[in-house]
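A.B. asks: Chain residues, written in single-letter form:
2 protein chains.
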Amino acid sequence: MSPNPLIDDRFIDFLLYDVLDVAALCKLPAFTEHSRETFDPWLTACRRLARDVLFPQYRAMDLAPVRFEGGSVTVHPKMHALWKELRELGVIAANRPTEVGGQQLPMTVFCLSTAYLMAANLSAYGFAGLTTGAAHLIETFGSQALKDGWLGKMYSGEWTGTMALTEPQAGSSLADVKARAQPTAEGHHLISGAKIFISGGAQDLTENIVHLVLARLEGAPAGTRGISLFAVPQHRPEGGKLVPNDVHVTGLIHKIGWRGLPSVALAFGEENDCHGFLVGPANQGLKCMFQMMNEARIMIGANATATASVAFQESLAYANDRKQGRALGSDATTDPVRLIAHADVRRMLLRQKAIVEGSLCLIATAARCSDVVEHGTDPAEKDRHRLLLDLLTPIAKSFPAEKGFEANTLALQIHGGYGYTSEYLPEAWLRDQKLNSIHEGTTGIQSLDLVGRKIVAGGGAALLVLKEEVTVDLIKAEAAGLDVAAMRDALDRLVSLTAALGARGASGDLDGMLGHSTDFLELTSILVVGWMWARMGAAAGKRTDDFAEGIRAAAKYWFATEVPRIPALATLCESAERSFLDVKPAWLGHG
Amino acid sequence: MSPNPLIDDRFIDFLLYDVLDVAALCKLPAFTEHSRETFDPWLTACRRLARDVLFPQYRAMDLAPVRFEGGSVTVHPKMHALWKELRELGVIAANRPTEVGGQQLPMTVFCLSTAYLMAANLSAYGFAGLTTGAAHLIETFGSQALKDGWLGKMYSGEWTGTMALTEPQAGSSLADVKARAQPTAEGHHLISGAKIFISGGAQDLTENIVHLVLARLEGAPAGTRGISLFAVPQHRPEGGKLVPNDVHVTGLIHKIGWRGLPSVALAFGEENDCHGFLVGPANQGLKCMFQMMNEARIMIGANATATASVAFQESLAYANDRKQGRALGSDATTDPVRLIAHADVRRMLLRQKAIVEGSLCLIATAARCSDVVEHGTDPAEKDRHRLLLDLLTPIAKSFPAEKGFEANTLALQIHGGYGYTSEYLPEAWLRDQKLNSIHEGTTGIQSLDLVGRKIVAGGGAALLVLKEEVTVDLIKAEAAGLDVAAMRDALDRLVSLTAALGARGASGDLDGMLGHSTDFLELTSILVVGWMWARMGAAAGKRTDDFAEGIRAAAKYWFATEVPRIPALATLCESAERSFLDVKPAWLGHG
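Note that the protein sequences, when read in sequence, are chains Z and U.
Residue numbers for the first sequence follow our numbering, so the first one is 4 and each next one is one higher.
Residue numbers for the second sequence follow our numbering, so the first one is 4 and each next one is one higher.
Excised from the complex, chain Z in its bound form (with noise of 0.2 Å):
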């Protein structure tokens, strides 16, 4: 069998050049600079590192996880050169000014040649994203001290940097965040109280870590609205020197996948000599991060996208390779045939192509976007991608989790007894691939985010952007051949649901608006990876290559086996079903 490819290159480059036109993103000024003769070679170094440095060692990373001793934290021995590799190709930063020392790389192409380092070594990848993220947040609302001194060794990778928000008693729900930061004299803040859940929260990777924290100044409102961010870290730079500043584990998470990267749980000024600088407005914590949040949740879509790409890839070799049973009607004196020759192998192959490519399709939708919306000139069109991005996000965050795990669950119902077994990779990103559907924001609050608040936002003018798009990308879609007339219909039908829902909402009925919010988000997805697939369709037109009819055959697909689910969705959303919402504790047997 060949090598894994991860993701396939043909794909990727058909997704920039023929359905996203990057080329025509490079005319706004931000991107002047770049063009496919800069993306190439950057597609190219990220696909080298991956293949050859990365994913060779990953199943070691996952078999020999990251460990906790005597207070310290140690990854893994191969983690340092990776993490040399990882910052000598300038990922952290690849996508920021070269003010700061980046590439300035449209997301587009960010998100899609990230994906590479993803789907090879999610731990180590893990590091660095983290990194950037945190970079960021300091990079848009840090002061300039911190700015001066930090974001650079950040962007390089001589620090890295976590997000700290969950703590041990609240959970999902930030409001009940209680961990405190006192002002002082000096201008820093004391900050006391515990987190947990920090990915890259401690290693002995490099000589320092970043840390996001929010936190309550003393007297601050109850809730959201008294939350405040603050860079906390690792070591504080004193008199030209790192001394420790007061930032302790007191535990390491026994993650059930990406077990290169180190979850812990982190206690902050236990004895009083913790100092953090706040980033961005007092109060304004969670403000600051949900500026953030997009990008995030994005990547949240791309590591799932990833993971179920590297599987598909891994089932998709097998099903070619491995010889077992005979077509539909042979006798037994005929050669066993490939797997792949099994219609319902061709099947579950054929689903996980769907949900990976039009996952692919979905997060590098979403990340031109934000290009257009972060770097756009024109200002209409960056308030029509911004509504449009804000109502795909906790798409592109859930659907690639969600239905990426089912993928990943064909992959290894396609190795049979042996995808039961750990000599097999299909069941270890099984176990990675769980965790998108739970950290930064569970499906379930995300499908409270896309009902309660994306789908109705600007008073229907992001449904209506969705709208347009989508019906100029089904008739391009017919004129290439296919039959689209179920799309028609589901759009006509999510826009009648949502303004059903939103009236439901304005009389105050918020059951009745937010009850079926979970098959609500199911619907919508299942309608925009169709969107997705119609967009492709278009894009691979009426060629008869492989490359092309393997399109056309996953869109078919999409359009024949889940667009008509979205009828019954529909009506259940609608409907006044109360089944689950009624329900009492004590009918469930423990009263």
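Read the hints as simulated data drawn from the structure, not as lab findings.
Any given hint might turn out to be false.
No copy is singled out in the list; a pair is fine if it fits within one copy or between any two copies.
[As the list claims (entries may be wrong)] In silico DSS-like cross-links for lysine-lysine, where the CA-CA straight-line distance does not exceed 30 Å:
(1) 545 to 587
(2) 479 to 587
(3) 156 to 81
(4) 290 to 326
(5) 587 to 326
(6) 326 to 181
(7) 479 to 81
Given the coordinates of chain Z, assemble chain U onto it according to the supplied hints.
C.D. replies: What follows is chain U alone, placed relative to chain Z:
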């Protein structure tokens, strides 16, 4: 939190006495010694063993899997005490006649009582369940000498048994079994060949293991018609003692779940000294096996159901205990609420309940059919139940495996970030569950069995029996106040769809008949589980106690969210949709 009950006792009592009317079953001559007075103490003993003995060792056995060193397999040290207790309970032969040392329990009761043992510790019970299956083959088809010499030792648990079918090159394709059997003048055969994935194929629990091995006699026809069944002991009785029988462990499979039950690769006859004893007629081995297959497949369904049940109970307790977040519309100054107060958490719980209890009712219904098939006195009733049992078997095997996996995923999801750690149990059950869609015939194989054989059996007679049974229960459910209109339509649709597919098959259009068999299996499973909920809803009547309200809520949930998916699935199965049928390997990227 109170200890995990594994399965809800009240629900099991409801199933046995209110839904399935085991009192009526006890009127059959085979069961006249039985009544609620004998069943209840048995259930109590199983529940006690499950909760007090097996479950407390579950995690330890998962964390320290079986080992293979120096050619020997060592089970977890605690397993020895568990095996002693399982033997003392008499569970291995509990469903077998008193003449062979059993208690002649109806399968209905056996199936639901052993589900507790499975829920507590799949691996521990696995040794017993496999021994029951292997001994049952000898009881039915074995020579008098085998029955006299070995059966008692197996049914008492002095020896264990295995099924040794799969070979490394053949996987699910039993037609390609290559192991060989050479007759000798002494009456035994010399067995040679390699087997893989043999659960319980080696252990240090008992002095001997009897493997039921599929192998070919010299000159036997190719394919499934040339396979014979042999009893092959690990040690053979010779001169009053046990001597090694040339059966060697060549490898331990590193499974991702069921980690207390060894799965091994075995080499038979490497020294040409492996004695096997023919079980059943020559070349009829697969036929003999298939006579047990219904039982084995329902057992897998029970494994899957039990694994989903224990996780459902765990997540229910967690959701009742853990406080996090607030009700929609409440402000941050109010106290956090329990997880179960969130609508989407209740959705995840009610969905688990619908899957778990629907599956329990399904496997018990199938078991009850098998009781009538085996012990009924009215030939017409026996025929009717045989048709129904055959039709239900692929569903009872695959629905709990596939939807149980989804239920296990929801149990993990409810635990949030904690669920992603190995400090909590849901991740272990999720790993355990995955096997059930693979062993004893993958879901793909079950779907071909359903569409190609079972649903069209008897020229439509099987489907007619199903239709009559469902219709009667829908009338009762309606009388209890449930809206069953969608179920009625779905039932009619299944009949017309089956006729259409059957006609395609008759005309030689195998792709047209079988291409969407996985969708057909899903459709039929939703309907059959809907039937279960109609039966249970009818049995709950119009009572308004918490238990009955819970039954009704789950029935309503299933009718409102799953049954409406049937029309689109039926349209798909009947359509000419060929997206994956037409896919060429090169279209997917590996030309």
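A.B. asks: Which numbered hints does this structure break?
C.D. replies: Of the numbered hints given earlier, the structure breaks just one, which is hint 7.
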